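Protein chains in written order, with the numbering used here: chain A, 1 to 436; chain B, 1 to 344.
It should be emphasised that the hints constitute simulated quantities derived from the structure, not laboratory data.
In this text the structure is predicted, and so the values were computed from the model without any measurement.
If a hint is listed, it holds; no wrong ones were tucked in.
DSS-like mimics (lysine-lysine), calculated; alpha carbons at most 27 angstroms apart, straight line:
id, chain 1, residue 1, chain 2, residue 2
1, B, Lys-119, A, Lys-423
2, A, Lys-423, A, Lys-52
3, A, Lys-213, A, Lys-202
4, A, Lys-52, B, Lys-39
5, A, Lys-423, A, Lys-48
6, A, Lys-52, B, Lys-119
7, A, Lys-52, B, Lys-115
8, A, Lys-202, A, Lys-340
9, A, Lys-48, B, Lys-115
10, B, Lys-115, A, Lys-423
11, B, Lys-220, B, Lys-288
12, B, Lys-279, B, Lys-220
13, B, Lys-39, B, Lys-115
To spell it out: a stretch of chain B is covered by chain A in this simulated footprint if at least three of its residues, at any positions, have a beta carbon under 8 angstroms from a beta carbon of chain A; those stretches are:
id, segment
14, 63–75
15, 80–88
16, 102–116
17, 292–305
18, 314–323
Glycine residues also receive a C-beta, built at the ideal position from the N, C-alpha and C atoms.
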Amino acid sequence: MAARSQMALSLGFHIIFSCIGMVMPFFMAVSHFIWLKTGNPVYQNVTKAWSKGVAIFFATGAVSGTVLSFELGLLWPTFMKHAGPIFGMPFSLEGTAFFIEAIALGFFLYGWNRFNRWFHWFTGVVVGVSGLISGILVVAANAWMNSPSGFDFVDGKYLNIDPIKAMFNPAWFSQALHMSVAAFAATGFAVAGVHALMIMRKRNVGFHMPAFKIAAVFGVVAAILQPLSGDISAKMVAKRQPAKLAAMEAHFKTEPYSSLIIGGIPDIKNKKVDYAIELPGMLSFMVHDDFKTPVTGLDQIPEKDQPPIAVTHYAFQLMVALGMLMMGLGIIYLIAIFKKKSWFDKRWFLKLFIWATPIGFIAVEAGWAVTEVGRQPWIIQGVMRTADAVTPMPGIGYSFYLFTAVYFTLSLAVIFLLYRQIKMVPEIYDTKTVAH
Amino acid sequence: MMIYVVIVFLWVALLLYLVMGGADFGAGIIEMFTSNKNKSRTRRIMYNAIGPIWEANHMWLIIAIVILFVGFPVIYATMSTYLHIPLTVMLMGIIARGTALAFRNYDAVHDNMQKVYNKIFVYSSFITPLFLGIIAGSAVSGRVDPQATNFMDAYVYSWLNWFSVAIGFFTVALCGFLAAIYLIGETHDDAERKSFIRKAKIMNVAAVVAGSVVFIASIKENIPLVQWVFGNFIGIAAVSAASVSLIVMWYLIAKGKRFIIRVLAGFQMTMILLTTTYKHYPNIIILKNGGHLSLIDDQGAEKTIQSLGIALLIGSIFILPALFYLVWSFQQKPEQVDNEMHGH
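So that you can see chain B by itself, here it is in the shape it has in the complex (with noise of 0.2 angstroms):
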């Protein structure tokens, strides 16, 4: 029983990871695509919406990874060999992001180094994601290899095909459109507003084509995506209500709303993930050679198991009051935040 508690708890903290430090990637990436005259505007925007949370948010990935670890380590060893190089590719961007963001908050002079911390902070923000959505991708292609005899097959085309590089790019088009609809409602500007009502409209279409990119890529490369996604009905129908979702999202932006296009933002990424896991649940990574691990065939132990899920149960008591006045405390007066830290 408790097995289903802690599958639960690795999906939720994906999704939140997906929604939460999605948004927070997006920042950066449509700090790229902004004009310079403007960025400096946006910066600040972007800061005092997420600076507060923006350790929180990154935690989801660490809860994840920890749960897969404890609870489920033939698959946490099975990722961490076969994709071992787009893993550490994506640690080279967390480490350079977190830091350059926290260089580009704390750094007690502002000079010519600020442009180096930008630059590092917009160019982290775009790989990261990008090589997260390749391992998520490279799970479920079915290239992981572990009877592969040579290094190219093992450990490089485990993860570079056209399917899963589509799945990376689909990932920064959707942060990007997160980031762009949170920010809409962060800004009392209506220049601004409009300009990320503008980014929005851009990245829900790079995510639009991307996602069609990506189906084209599943039928290259033999993956039975469209089958997975529209084979079933959880998968249409989830398909179905995040479309509908878009298309009343869109309208409530034409209609001023700020809070409500978040939850319907996150709404979509809701069903996102659902459709992309629902069809292949429990299984987690597919093999080459037909077989997969699976997160009730390759759990760790019954006693381990029990106390992962009562730890997280646990932890989730004293974590999510906590966050979510975090949260909420921070929504109410959000100028302040600004005066105090460019006060000096």
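Isolated chain A (complex conformation) (with noise of 0.2 angstroms):
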């Protein structure tokens, strides 16, 4: 359990660190972009604050990247003496992504005014992109252990390894997708929030409008396109993990017309769920493309191998209720541009954006903890159990407090330091006499 708790724990700090660091230097390359073409230097500056932002998180993304790569082993060496040669590729292939980002990013930190400077805008893109490959692979290699595939299992061997085919595993593509298309819109809405704070205390609003507006505009497109990619994964786990998708929905019966249910308290007991919104065949609709076929509930799973069913129901219905709340601020905001400029201007409109700052992250997490704890008993879905795969040791509850304590202490110190950023703002970009 406290081996469980410390890898969600650290996958829960590199998942908000990396999510930003993947998706800000494609705000910083938009950015940068238009400086170069208009020459307008709040461009410039807004670039330039972006990229220490990037450079932040990118080192502490580094250092819990790291830490993930020795925890997979220090926490489960009997899976990764099984798993690490099938599920491996993707994690080689990442280590070559991740050093090409940290070249280009070192290309890009220290090469203003030194290179060519369509070169130099380039690196940027470079660290966006191969970053972006990075989350993608990564999350392949997770994609493994919901759907395991490149290899034969037989009699507790692992035979006929193909890393290539489990590279490209089934459910490779749909968390791919859902998993970068979240990464844009959380940390998209996540920046904009806090640019909107600061333009509705009217603090150097002509560099804080233009930051809000690229950020927001990528965050409102991928919150707009995510419930797209949130249905290819649906019926992707529907059809790999029936009993992932049954604990996501609170679905005791199998049983035609099968109802999706929204919200509710599951009664695992007398397997029901009170106070919830009924919407009688939508969910056989929604998995199977008409109202009659039944989907598996869990009274198909046997009871050792169910997933936590509350937690599991809980995180699913707050990771899609955030996911509407995000797609409703994103129209609102599409008619903003479109409609009702003015709009931009008013406090109750920047008061809906501030207060959006952290719901994509929320939203992040409950999705992570529904792949994760959904997938349960298993780590690797119907080939090994998570009880099988933990260390040997004893006494690893001392290294979750350990490692809770730090990754406490980091998260207080890059809020601490992205607030001295922002505050330095009127010193270092608001001035037009910039040193450079």
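Assembling the complex is the task here: the two chains are given apart, and the hints tell you how they should meet.
As structure tokens, this is what we get:
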């Protein structure tokens, strides 16, 4: 249990650091592009300010990623002994992508006024693209745990290993798409929210408004596209991991016209959900494209193979709710752009985005909880149980406390640092006589 | 055949981590032993030197660990089970160091927090290579014992012994030495240059002392290190080559050379890694019961090794030229970095 908590904690942090480190370079590249095209120094300042954020998040994302590559073995040696050679392929490619990202970041951060302007811009784009690729590769490895393939499991032995097939496992695409879009949405809303706060406080509006708009556009477009990728993902889960889908929906009984359950409190003992909104037939429709075909419920799954139902259900509901909220905000934003330009100065409009700052990341964490908790009790779906994978070393609890303390300190430090970055905006970027 | 490509990559990644990452850790160690009034200058020179390639230096560890867990899962699983504690300490060091360096470079406000970042950076620069060395020493010390029945034997005495700890300190001294040699070439100020040369001398002596302690510890712990190093032609040749190059290096330092001395220091690291790995290759972990884990016998599935080798080859086509260009282009005008980062 402590091992699982430690892993959850490490991944939970890494997911935030790396999403921001992977998406912000794109914001940066857009702003940089506008600056190169228009010569408006505000955009250069925005680019520089963001690049410092990227540097901080990249550094923390890189160390938390290094830690994870060790933790996989420290916590789950048995899993890695068998799974390493099968699902290691994306990791070795990810090493390459990440390396390129580090090199490109070196060029970008230290390359102002040193290289051809467009080469410099290009290195910034490479940071984003290679970051995105490494993100996709890592998610592909996780997808393998959900839909293992590329080997034959015979009498407890892993035979005929094919790492390429394992990498392109059936779930890789849907999961990678869903996660990438989520990263854009979450980071877009988070960054936009921070800038919105500054605009509302009338601090350096000339600096924060363009920054707000760039970040918000990314977040908004991603939020509006996200339900599509969610639908693809859910269909994949239904096919490969019926137990997970059933737990997400708290869907206890297999019957025709399966209903979509929204909200509610699952009553595990009596196998029913209280206080929920039920839409008969909708679940069947979403999974099978017709209203009648039954969807596998928890009654079809032996109790020892069921994931924790309540956690999975709540996490899923939370993710969907927040996703819808972001989509709604996205539509409001689009109206503002095309019809109601004046909304940008309205307090209620800015307030909406300020409140929305953390919701993307809460949704990301919830969605990640769905995919991990929903896979339990398996570490490799249908092949290896989490309990059989954990390290034999006693006293893992202490390791968990240690890592909790470290990550807690680390996130406080990052927040502190970003706060100071933002506080210094007037001094560094607002004067027209910028040092360089 | 591909297995040898993979093994070469593993070895080279370890070597590059020792040299590049080592010089990087060493910069922190040097800072630790610099008097307070010179600290900020040292820090600035160091930052100019390592800033742009800082992230890249530490990728080598990730490459090595990924090769291990993809290609040699049994070895990875054994190490991470029985050397859990030193690995965790090393990770703490990596987290603390990486974030402290990023924070002190990117914190927009320069105030007393800088002191905190510096402290963390300096201590973790010492602890991380210490534990890296301990882990490397433990792998060959023959104390890893999968049959152990109690906690202390399995998880503590696997790494807590004189030999491993001595290797830890030896690694720290090597890192300091590398950094001092590197920094000699980074300054154009005569007094600073002299001070780095003095530090390089101290670190050189420290490495020799720590190296001798390693040999003494190996005798005390019944580890046939003397035989590994001096019992074969390659070992003797490598040690001799390293010694000769060390003398040549000091001569060239006195002559005022900048670049070639780095090459020689890197060569010495290569020779050290060669002697320490050659004799028990392909064995990488020596167990208490006399058995061992080998890169050849304990490799992963054939197809995995094939695709891992291809991935590494393709990766190096992208990485090496870009990395080379990065290092090269920032060697041209190191001053400008300084203006850029401290300009506002």
